[in-house]
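Asker: Chain by chain, the residues:
Number of protein chains: 2
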Amino acid sequence: MTTKVNVNDKFKLFTEQWTPKVVGQVNDQHVKIARIQGDFVWHKHDNEDEMFMVIDGEIDIEFRDKTVHLTVGEFMVVPKGVEHRPRAQKEAKIMLIEPVTTLNTGDQVTEQTQEVLETL
Amino acid sequence: MTTKVNVNDKFKLFTEQWTPKVVGQVNDQHVKIARIQGDFVWHKHDNEDEMFMVIDGEIDIEFRDKTVHLTVGEFMVVPKGVEHRPRAQKEAKIMLIEPVTTLNTGDQVTEQTQEVLETL
Numbered sequence: 001m002t003t004k005v006n007v008n009d010k011f012k013l014f015t016e017q018w019t020p021k022v023v024g025q026v027n028d029q030h031v032k033i034a035r036i037q038g039d040f041v042w043h044k045h046d047n048e049d050e051m052f053m054v055i056d057g058e059i060d061i062e063f064r065d066k067t068v069h070l071t072v073g074e075f076m077v078v079p080k081g082v083e084h085r086p087r088a089q090k091e092a093k094i095m096l097i098e099p100v101t102t103l104n105t106g107d108q109v110t111e112q113t114q115e116v117l118e119t120l
Numbered sequence: 001m002t003t004k005v006n007v008n009d010k011f012k013l014f015t016e017q018w019t020p021k022v023v024g025q026v027n028d029q030h031v032k033i034a035r036i037q038g039d040f041v042w043h044k045h046d047n048e049d050e051m052f053m054v055i056d057g058e059i060d061i062e063f064r065d066k067t068v069h070l071t072v073g074e075f076m077v078v079p080k081g082v083e084h085r086p087r088a089q090k091e092a093k094i095m096l097i098e099p100v101t102t103l104n105t106g107d108q109v110t111e112q113t114q115e116v117l118e119t120l
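For the record, the sequence lines run as chains A and B. The C-terminal position of the first sequence is numbered 120 in our numbering, with every residue numbered one higher than the one before it. The C-terminal position of the second sequence is numbered 120 in our numbering, with every residue numbered one higher than the one before it.
These are calculated hints, taken from the structure and not from any lab test. Since the model is a prediction, treat every value here as computed from it, not as a measurement. Be a bit skeptical, because a hint or two may be false.
Unchecked claim - A partial selection of chain A residues facing chain B, derived with a Cβ cut-off under 8 Å:
id, residue
1, L13
2, L70
3, V78
4, P99
Ideal Cβ placement from N, Cα and C applies to all residues, glycine included.
Whole structure, please, built from the sequences with the hints as guidance.
Answerer: Listed below in structure tokens is the structure:
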């Protein structure tokens, strides 16, 4: 377990979007990375906070009452129970920290739902 | 809670070393940042994994049997119970993710121990 992870090297291992890959675990939280572009589905996680950090590019996290714009070196935590929709005009690379139990589409099941995540 | 954090801006708010500052919380984990330079104390956290990610500069995580060198964009998770010693030749900026219960010096109490952490 005591090996390091180079985040950019991990991004070279896949090109698909909206498919979070597990790159680490700290306690009961997964560290995931994803490429995202376009609009995701509106959803919430009833019991799980979700941390978004931008590694490359820019993203928006839409809430019902506002939009938060994130760029490289910025992060935010979406609290449990809060509806949100991630989106990116151009492809962006993000890192996520959230419980190992978290489903990407939360309380929604769509064609973007990823039930089984690949570990890189 | 739904506000973003710019990590570099947070680093502008302090200059002291080896004093982790809390900049976020995701579930039961704190997101902390710290400036480090020199050798820390050998220690372990019996019940807590600890994630180190380099934001600026380079660090070493020494273990009893090896040393892992981390640079910008790299992270590693130090598993619970494993003795380690962070160090940096020049000042480095790091981000930490670890349970809210984690004491920086783990099972050791030294002049570097920070019992109460500032939130930025």
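Asker: All hints are to be evaluated individually against the structure, with a verdict given for each.
Answerer: Each hint, compared with the structure:
A distance limit of 8 Å between C-beta atoms decides the matter here; for L13 (chain A) the minimum to chain B is near 15 Å, and the interface restraint is violated. Because the smallest distance between the Cβ of L70 (chain A) and any Cβ of chain B comes to about 6 Å, under 8 Å, the interface hint for this residue holds. Annotation: interface hint on V78 (chain A) holds; nearest CB of chain B at approximately 7 Å, less than 8 Å. Evaluation of the P99 (chain A) hint against chain B yields a held restraint, the C-beta minimum of about 6 Å falling below 8 Å.
In terms of the numbered hints stated before, the structure departs from hint 1 and from no other.
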